[in-house]
Structures are given as C-alpha cells and as structure tokens.
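Q: Sequence:
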Amino acid sequence: MPSNRPVRVRFAPSPTGDLHVGNIRTALFDWAYARHTGGKFIFRIEDTDRERVTDEYIQAAIDTLKWLGLTWDEGPEVGGPNGPYLQSQRLDIYAKWAAKFLADGFAYHCYCSSEELEAVREAQRKANVAPGYNGHCRELSADQIAAYVAEGRKPVVRMRMPDGSTTFTDLIRGEVTFDHNFVPDFVLVRADGSPLYTLAVAVDDVMMQVTHVLRGEDLLSSTPRQIRVYQAMGVKEDEYPLFAHLPFVMGQDNAKLSKRNGEVSIAWYRERGFLPEAICNYLALLGWSPGEDREDVTMEELTQLFTVERVHSSPARFDMKKLEAINGDKIRALTPESFLEKSLPFLTDAKVISGSADEIDLLKKALPIIQERVATLAEIPAMLKFLFVAHFEVEADSLPKVNDPESKKLLSVAFDRLQNVSEWSHDGIEAVLRTALIEEMGLKPRIAFSAVRIAVTGSHISPPLFESMELLGREKSLARIQALI
RNA sequence: GGCCCCGUCGUCUAGCGGCCUAGGACUCUGGCUUCUCAAGUCAGCUACGAGGGUUCGAAUCCCUUCGGGGCUACCA
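FYI, in this note's numbering the residues of the first sequence are 365 to 849.
By construction, these hints were calculated from the structure, which means they are not laboratory data.
Beta carbons: idealized from backbone N, C-alpha and C, even for Gly.
Incorrect hints may have been included.
Claimed, not checked - Cut-off 25 Å, straight-line C-alpha distance, at most; resulting in silico cross-link-like pairs (DSS-like, lysine-lysine):
id, residue 1, residue 2
1, LYS464, LYS518
2, LYS765, LYS729
3, LYS749, LYS840
4, LYS706, LYS685
5, LYS715, LYS840
6, LYS706, LYS430
7, LYS840, LYS765
8, LYS518, LYS460
9, LYS600, LYS460
10, LYS749, LYS729
11, LYS773, LYS840
12, LYS715, LYS728
13, LYS715, LYS686
14, LYS464, LYS600
15, LYS715, LYS729
16, LYS840, LYS772
17, LYS706, LYS749
18, LYS715, LYS749
19, LYS728, LYS840
20, LYS729, LYS840
21, LYS773, LYS808
22, LYS749, LYS765
23, LYS686, LYS706
Said to hold, decoys possible - Quick list of the computed label-pair ranges, beta carbon to beta carbon:
id, residue 1, residue 2, range
24, ARG696, THR380, 35 to 45 Å
25, THR418, PRO809, 57 to 67 Å
26, LYS430, LEU583, 41 to 51 Å
27, ARG737, THR418, 53 to 63 Å
28, LEU455, SER718, 48 to 58 Å
Whenever a hint applies, use it, and build me the whole structure from the sequences.
A: This is the structure in structure tokens:
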C-alpha cells in the first residue's frame with residue numbers, strides 16, 4: 365500500500381463557524397507530520413455546503429492558521445500546482461467525474477424524494493434493520509425513468525456500493541473492516557447538481573496527490589465510501605492515501621467538543637491572551653506525547669518529534685487549567701521585546717495606555733516585574749493600570765483595610781520618612797520603609813507593606829511594592845499615600 | 001436498534017510480558033521561601049473499569065462483560 369511517493373498531507377476544514385480546538389488539533393498534527401517528513405502541507409477549503417460555509421468563516425480559518433504559525437505549502441493565498449484550493453471553485457471537476465461514474469455504471473440516478481427516503485428509514489427503524497438506502501433506483505428501466513422525469517423529479521447521483529466489504533489499515537487503529545451491508549449507496553451529487561463531501565473529498569485527495577489523510581475519527585466510518593470513489597476513479601490500491609483517524613478532543617461532559625460545552629473557538633483564546641505556541645503545545649499533548657516525560661515543546665521541536673505512531677487511539681478531555689499553566693510557562697519564556705510586543709494590544713484595547721512614547725518607556729520597565737506573574741496576556745492591564753491611570757482610586761474591597769487609625773498612622777509615618785529618601789530607587793525606598801515601619805514601629809512586614817501597597821497600587825494584590833513605587837515616581841507615590849492619611 | 005472506535009491517578013499522559021509496591025505534568029492539599037500575588041522548591045492525595053483465561057510472571061496477550069463515544073443526511 366504505501367508507495368514511496370513524497371509525503372503530501374492536507375488539512376481540509378469545512379468552515380461552518382470559527383475554527384475550534386478540535387479542528388486546530390487536527391491541523392497541527394497534519395502540519396507537524398508534513399514538516400516532520402519533509403513533505404508538503406496542503407490547506408484546502410471544503411465549502412461544498414454553501415448553505416453553511418461563509419466567506420467570513422473561510423477568511424477566519426485562514427487567519428487562524430496564520431496566527432498559529434501553521435504555514436501551508438499549497439492552498440488559499442499561496443496557490444500551488446493543484447489548485448484551486450476552494451472546492452467551490454472546482455465544481456467542473458466534480459461534475460466531470462460524476463458524469464464518468466454514471467457512464468461507467470459505478471453510479472446511477474436516484475429519483476427518490478426526501479419524503480420517500482425518510483419513509484424507508486422509518487420502516488427500517490421499526491423493523492430493526494440497518495438503516496440506509498434500499499436500492500430502489502438501482503436498476504430503473506427507461507420507462508420508469510421517463511415517468512419520473514415526466515413528474516418533474518430531479519435526480520441525485522448515487523454511488524453503487526458492491527457486495528462485499530472494505531478493509532483498510534488505519535495508521536492509528538490498525539486494520540479496520542466495514543461490511544458493505546452497512547455502507548449503503550451514498551449520494552455524490554445533489555438534485556441541484558452540486559457535489560457532496562463524499563465526492564469532492566475523494567476526488568480532491570486523488571487529484572492533489574495526497575498521500576496521508578490525518579483527520580478526526582468521526583470520519584472513520586465514511587472511509588469505505590472514499591475508497592469506493594478511488595476505485596471508480598481507477599486509482600490503484602497502492603496509491604490510495606493512507607488514513608490515520610485522530611481521537612476526539614472532548615469537553616468536560618465527555619461529548620465531542622462543540623460550542624455547547626465550552627469555549628472552543630480559537631479566536632476566543634486569542635482574545636483571552638493565550639499565545640499561539642502555548643495553544644499548539646497544549647493541543648499537541650492531546651492525543652500525542654513525545655514520551656520520556658517530556659511536555660514542553662517548541663513548534664520546531666514538535667516537527668522533529670512528531671510521529672503518527674505515537675498518536676493515541678483514545679479520546680482526550682480538554683483542560684483549561686493545563687492550557688493556562690502552559691501559557692504561563694510560554695509567557696515567562698518570552699524575550700522582553702516579544703513580551704512587550706504581545707502585551708501592547710491588550711493594554712491599548714483596555715485603554716490603559718494610548719501608546720505614546722512615554723508610556724512605552726515606562727512599560728518597558730514595568731513589564732519585567734509582572735512577566736512571571738501572569739498566566740495570560742489579558743491579565744496585564746489590570747496589573748499595570750495603577751502606573752498609567754489619570755484618576756487614581758483604591759479598589760473598593762481594599763479600602764477598608766487602610767481606613768483604620770493604625771493604618772493611617774503607619775501611612776503617615778511612611779509619608780514623612782519617604783520624603784527624605786535621597787535616591788528614589790526600590791532599594792532606597794525599601795531601606796527607609798523597613799527602618800521606619802519594621803524596626804522602629806515593630807510591625808510585621810506583611811502588615812506594614814500591605815497598607816502602603818494598597819495606598820500606592822490601589823489593591824492588596826500587586827506587583828512587587830518597591831519596584832512599583834520606583835516606577836510610579838516619588839511625586840505620585842507620595843500623593844497617593846497622603847490622600848489616605 | 002445496527003455498524004465502528006475507545007477504556008492507566010480528577011484531567012493529559014509514560015508504560016508495549018519481569019526495570020511497576022505503576023513514572024511525569026496539570027489540578028487539589030500541606031510545608032519552605034517571601035512585602036501581597038505569582039514564580040521557585042519539598043511533600044501528600046489519587047489510577048491499570050470488571051470477570052475469566054494464557055504464562056513461572058500481565059497494566060502490557062486472548063475472551064467475555066460493563067462503560068463511554070462516533071456514524072447511521074441531497075452535513076462534513
């Protein structure tokens with residue numbers, strides 16, 4: 365079966381919504397496999413269902429893949445020798461093959477109406493037999509056809525499944541066999557002439573010389589149908605693509621991940637401040653592992669380590685906590701320049717800064733003290749807000765903690781002594797406050813500094829206090845303390 | 001219902017007949033560190049779905065069973 369053709373892997377989503385976690389995990393494995401083998405990664409849009417696929421979703425899918433860094437060798441925007449890569453632009457190709465299948469007897473026109481088919485299914489269900497097309501139109505006479513046409517019926521093109529069975533070797537699950545008794549004749553072309561997935565996917569994989577199909581396991585049972593199309597196209601068995609059906613990514617409730625059971629759109633994660641490399645690293649661990657207790661991998665390492673052999677056959681639950689942990693690790697691993705660049709949009713969107721040069725200067729100094737304190741980029745604005753706000757206010761739930769007489773006394777001592785600090789640096793500030801509050805007043809550090817922290821940053825949770833005061837500056841720091849005395 | 005896939009800590013996983021009184025990570029609990037929060041660090045909790053085989057020996061092989069999931073469209 366596997367000839368030594370150059371590896372060509374495709375990711376072929378049907379963008380009926382934003383790409384979600386499951387799609388992306390598939391795309392990631394497709395990409396990693398292509399890169400690992402030195403093969404080509406093909407990106408194809410399956411938009412044969414124009415009722416549900418929109419141009420916006422197609423563009424969103426393209427943008428998402430780009431954002432994640434899953435670059436493709438052939439597909440939308442980059443083109444390639446096997447295009448076009450949008451199925452809606454390949455209609456003539458499918459029509460040609462459908463006509464050939466009809467002429468060769470692999471397929472036939474079926475005039476059954478939806479209502480009739482539904483009635484058949486209903487009867488089958490009642491009789492407790494395998495549901496599926498009953499072959500009603502398989503051998504229609506010329507007269508019968510003429511009668512149907514006279515009625516104004518428009519036929520679909522249906523593939524004839526021969527008796528027997530289909531066996532193929534799934535790279536992840538091993539040998540899988542489907543008895544054709546349970547693979548009914550399936551529709552290739554709608555009554556309106558438009559192709560269905562069953563036709564387009566097989567034709568395109570052959571035309572685009574795809575060698576490996578790694579896709580979700582929901583498509584496992586449709587594989588015999590694809591193989592039947594290959595046969596009708598005259599593809600030799602050793603040139604069929606190899607299949608690998610990836611396990612599902614599931615939500616908390618053990619159902620296939622979908623909009624109903626969690627936030628699954630990648631766009632949502634992007635807005636929440638997740639890094640693409642964190643998403644990819646985490647997703648790579650869902651259904652695959654590099655072994656040797658290894659978990660932290662870069663995109664580059666992923667392409668080196670990824671093999672289909674190490675992909676699981678069992679489904680995985682999506683765990684937001686673990687994603688956050690990995691995201692925190694990846695944020696800490698960012699260079700200062702890169703951390704700044706990635707933080708900027710979150711700060712400006714939150715209107716914490718407008719983006720002026722002065723603000724950026726201050727930001728460059730502030731970012732290092734919070735880099736190890738955030739799990740997502742979205743947490744940054746709240747953490748640095750105190751440095752930039754025009755009208756400073758202490759948070760409501762922290763205010764009571766500085767309103768008692770002891771706190772006011774403490775703050776007043778701090779205020780007095782801080783005025784005499786010669787050099788407004790975190791070392792200088794710390795030395796003065798320790799002497800005044802800890803040594804002379806005998807306070808516990810956590811008590812003493814808490815009041816100052818609330819006064820200066822507005823919250824009992826903040827970046828390191830002395831660094832924060834240094835960045836805020838003497839004037840503002842003192843004013844904020846004084847305001848609470 | 002039928003067909004197909006799947007089954008190790010709460011979760012993701014390592015494990016491919018002896019190295020397993022089952023390892024790592026996340027979560028959770030407790031300790032250390034500490035100006036808060038993090039980070040770091042130490043410790044703890046907790047798993048081979050069940051029942052039969054095969055074998056000197058099974059998480060690893062076989063069977064049954066139970067459980068979960070997918071498909072069963074003129075969706076993909």
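Q: With reference to the structure, classify each hint as holding or not holding.
A: How the hints compare with the structure:
no. : hint                         : verdict
1   : LYS464 to LYS518             : 19 Å, holds
2   : LYS765 to LYS729             : 29 Å, violated
3   : LYS749 to LYS840             : 14 Å, holds
4   : LYS706 to LYS685             : 21 Å, holds
5   : LYS715 to LYS840             : 20 Å, holds
6   : LYS706 to LYS430             : 16 Å, holds
7   : LYS840 to LYS765             : 21 Å, holds
8   : LYS518 to LYS460             : 19 Å, holds
9   : LYS600 to LYS460             : 20 Å, holds
10  : LYS749 to LYS729             : 14 Å, holds
11  : LYS773 to LYS840             : 20 Å, holds
12  : LYS715 to LYS728             : 17 Å, holds
13  : LYS715 to LYS686             : 30 Å, violated
14  : LYS464 to LYS600             : 17 Å, holds
15  : LYS715 to LYS729             : 19 Å, holds
16  : LYS840 to LYS772             : 18 Å, holds
17  : LYS706 to LYS749             : 17 Å, holds
18  : LYS715 to LYS749             : 9 Å, holds
19  : LYS728 to LYS840             : 19 Å, holds
20  : LYS729 to LYS840             : 17 Å, holds
21  : LYS773 to LYS808             : 15 Å, holds
22  : LYS749 to LYS765             : 20 Å, holds
23  : LYS686 to LYS706             : 21 Å, holds
24  : ARG696 to THR380: 35 to 45 Å : 37 Å, holds
25  : THR418 to PRO809: 57 to 67 Å : 59 Å, holds
26  : LYS430 to LEU583: 41 to 51 Å : 25 Å, violated
27  : ARG737 to THR418: 53 to 63 Å : 40 Å, violated
28  : LEU455 to SER718: 48 to 58 Å : 50 Å, holds
The structure shown violates the earlier hints numbered 2, 13, 26, 27.
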